Amino acid sequence: METIGNTFPPISTGKVVPLAPLTWRERVRGLRRAIWKHRAIYLLMALPLLYFLVFKYWPLWNTQIAFKDFKPTLGVEASPLIGFKHFATFFKSYYFGQLLGNTLIFSVAKLILGMPLAVILALAIYESSFRFLRKVTQTMAYLPHFLSWVIIYGVLLALLSPGSGMINEMIKAGGGQPIAFLTSPNWFRTVVIGSDIWKETGWSTIIYLAALLSIDPLLFEAAAVDGASRLQRIRHISLPGIASVIVVVTLLRLGNILDAGFGQIFVLYSLPVYSVGDIIDTWVYRQGILEFQFSLATAVGLFKGLIGLTLIFFSNKIAKRLTGSGIY
Amino acid sequence: MNKQLYKLTLCVVLLSLFLAACQPAAAPTPTAAATQEVVAPTPEPAKPTEPPAAPPPTEPPAKAEPVDLEIWVGASVSEAGQPPDDWAVYQIAKDKLGINLKIVLLPTAQTDADAKINAAAAANDLPDLFQVNREPWYRLVQNDLIATVDDLLPLMPDRTKILYSNDISNKLVTIDGKLYGLPQPGALPRTDALVIRQDWLTKLSLEMPKTLEDFTTVAKAFTENDPDGNGKQDTYGFCGYIESEGVGLLPGLGKRFEWVFGAFGLNGAWNLTSAENFQLNVRDPNYLKALEYIKSLMDAGVVDPDWPTLKKDEFRARWKQGKCGIMNEHFAALANKSNYADFDKNFPDGEWVVMSPPTGPEGKSSMGADLTNVRIFAVSKQAKDAGKGEAIARLLEWMEGEEGYYLIGFGTEGVNYKKDENGFVTTKDIDPEKAYTHKSQQPLTQLRNMVFNNNEIEMKARYVAYKTANGREMDPLKYLEQYRAQPWTEATGWSIINPPPGGADFTRFYSENLVQFVLGQQPLNEQTWADFLAGLDGMGAKDYEAEAKATLQISGFLK
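The listed protein sequences derive, respectively, from chains R and D.
For the record, in the first sequence the residue sitting at position 18 is 18 according to the working numbering, with numbers rising by one throughout.
Just add 328 to wherever you are in the second sequence, counting from 1, and you've got the working numbering.
Careful: at least some of the hints might be erroneous.
Simulated crosslink set (PhoX-like; lysine-lysine; CA at most 20 Å straight-line) [to be verified]:
id : chain 1 : residue 1 : chain 2 : residue 2
1  : D       : Lys444    : R       : Lys172
2  : D       : Lys887    : R       : Lys172
3  : R       : Lys304    : R       : Lys85
4  : D       : Lys422    : D       : Lys444
5  : R       : Lys71     : D       : Lys712
6  : D       : Lys762    : R       : Lys71
7  : D       : Lys499    : D       : Lys747
8  : R       : Lys71     : D       : Lys560
Take a look, some chain D residues computed to stay more than 10 Å from chain R by CB distance [unchecked claim]:
id : residue
9  : Val405
10 : Asp442
11 : Pro517
12 : Lys548
13 : Thr601
14 : Asn614
15 : Thr637
16 : Asp672
17 : Glu718
18 : Thr755
19 : Pro760
20 : Asn777
21 : Asn798
22 : Gln844
Since the hints were made in silico from the structure, they are not lab data.
Note that the coordinates shown come from a computational prediction; the quantities given were computed from them, not determined experimentally.
By construction, the Cβ of each residue, glycine as well, lies at the ideal position given by its N, Cα and C atoms.
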């Protein structure tokens, strides 16, 4: 008889021993014993747990200032409650539509364009049979991740400046007119998305490479024996093998959909491109932090968090239904 | 065994992490050696100007517990670090004044410093005494986080006489008749003006431009006629950048184009000539004409096209590389030894001369807005309530006395500086490595902005005349003298105007549109201009003007 999955060996006596239901006390004792038995593991877990409690959960208590007219002298609890006024201020602010649009454009574009490129690069590195070339490519691809946006701004200026940038020099040499990449609303988004992809694609491959390495090599060997070409192996083994990781990464990114990269935009944007570059976070910095409106800044933060949470919740459900894997 | 050891190590690591996290930051403990280094200053009979030699009037109570004072201050030299732990000032503060001093340097970028102070304020954890820009200062006063300091002035009579007796400066920190800050003299006024490459003018046989038309002609020639003779068209008539700092609440195009607005009789964001004329300058039809002129320069391609995105340092790198023919630059950034060295090396025959602001169609000209600046030092309400006001006054009074002034301004006499026969500070015969101007010694003078009052001693010490590597005689103060001889528009009241109603959105709308107009990103004509003004009104410009007018009239800046 054909069996599917793991089967337990038959109990030798053939008798079924009924288990008495555990009392509450016994359960607690059992848990205590289990914790004590694995105390080293629990101790190890204590620090990250503490980190989350202190830096992630405790601040949640303070998010109540989003609904209050926060006065530092009165403190968080005693500041007067004003309801949803700060949310209304944000939604009714002059540039709200533009900020939301820009934020979503940057975020979605970085996700949609960045992720496939990272997967392709990871596959290319994994498939490469030249060890030296693979290592060099990996190192070179990781390197930009470690450069700060301030440095990359310098690099971009040297490349794109209409006055003396290398690319504009080439355009001029070809008889074209120089392009103000960094100050032209037509080009700014391309520069932002392009530079982000350039900086982060290499680093993003790490997780996909790790997933590829976890695929059983026997599958590849069996496919090769069966005459599958390299592309067929990628299509039928590699991609399905890392599909769950792709789903998880995408879901996690969706949670931060309204984070379009403050550090990058803050360094790269300037007055001529505010209309296409200003995002929610740069607005919060100017209107919330610099104008001493912390309640407003918190309200926006809360709004972003709620949108992220909702997206994660629904997309996780959809992902589970479609692919059978999710993040929880 | 191994398992036990592993668990024990883990526990120790965790415990030490907790302890490290819970331990408060230790205040620097001055060493005994530091005290010995302090040379008691000998009173100078002949001094060119202040500071006074008077000792601090108030001594700490004989056996009182030392008071902890935390001060946040902007670094005087941005690239140098914190004063060392064995800084003599710490020991003197402890021994003589009964104060445990802790100094924290603020980030050098203005917005970063604002963000740091705002964050501390939100946690109701402001330091006892701190330097703060006017916009955040105003908001902190509104939130009742800053204490009044009127009662501290009698406790520091000498300092008050030297620094806090200027009516205009005091007005800048006065709200409802009360002083909410100590107005330390700010950056020097009238320090940024037009300079032009005289060697390029000579090479192309051009006259010094006198009018806006001349300016365009010269700028075109500098761009198109290869003034540096390298065979490439890689120079620009005019270079600039948009600074976000030090230009008031409505930066617009920044300071670099102020001379154009001056040619149309408009400087800064506001018309401050009289209560009748008071309004945002953009309402004046001449403002549109000024923008049209700037746009004509952009269209002609004579302005470095990177100007809207360049940071200050990159702009400076460009003129040092010989890319710019005319610019609006700070006198010290141009002529101080370390700043001029690269240009001197690259262009031994290059010469920057001061250029008068070109005249406009009605014969008007002005280099820019002349503002009295102050660096505001505020006392937190928390500190005042804790009874620290007297200790703050004691410290500040000592700082402005002979001992404090020289120690904080120039280091230790005989080690870091000397005084010449006229009482001026010099580093002659001082070990160059120990001179107060040497990079390694700059942390010793990080607080000099808390004592300096722009007197002759400081000016001579800070802006030293020298001979360049190519033998050119340079004197930064001569540049400053010529800058100041140019026509300027008095606009001090500008500093007192509070932030606009819509805050950052109003500022963005104002500045973004002006930049877009001159860059041609939106058409500049009567209709679009009217739309822009209507947009401003829609954001509350009229209310803002009325409020600003009332503030100026109450403080007496507008008659």
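Each hint tested on the structure:
1. Lys444(D) x Lys172(R): 45 Å, violated
2. Lys887(D) x Lys172(R): 56 Å, violated
3. Lys304(R) x Lys85(R): 16 Å, holds
4. Lys422(D) x Lys444(D): The hint is violated at about 27 Å.
5. Lys71(R) x Lys712(D): Distance of about 19 Å is within 20 Å: holds.
6. Lys762(D) x Lys71(R): 48 Å, violated
7. Lys499(D) x Lys747(D): Distance ~36 Å between lysine 499(D) and lysine 747(D) Cα, so the pair is violated.
8. Lys71(R) x Lys560(D): Distance ~60 Å between lysine 71(R) and lysine 560(D) Cα, so the pair is violated.
9. Val405: Holds: least Cβ distance 21 Å, greater than 10 Å.
10. Asp442: Aspartate 442(D) not clear of chain R: closest Cβ-Cβ about 5 Å, inside 10 Å.
11. Pro517: 25 Å, holds
12. Lys548: Per Cβ check, lysine 548(D) is outside 10 Å of chain R; nearest 16 Å; holds.
13. Thr601: 28 Å, holds
14. Asn614: About 22 Å separates asparagine 614(D) from the closest Cβ of chain R, which puts it past 10 Å; holds.
15. Thr637: 4 Å, violated
16. Asp672: At about 22 Å from chain R, aspartate 672(D) clears the 10 Å cut-off, so the statement holds.
17. Glu718: 22 Å, holds
18. Thr755: 34 Å, holds
19. Pro760: 32 Å, holds
20. Asn777: 22 Å, holds
21. Asn798: With a cut-off of 10 Å, asparagine 798(D) remains clear of chain R, as the shortest Cβ separation is near 26 Å.
22. Gln844: Incorrect as stated: the minimum Cβ-Cβ distance to chain R is 6 Å, not above 10 Å.
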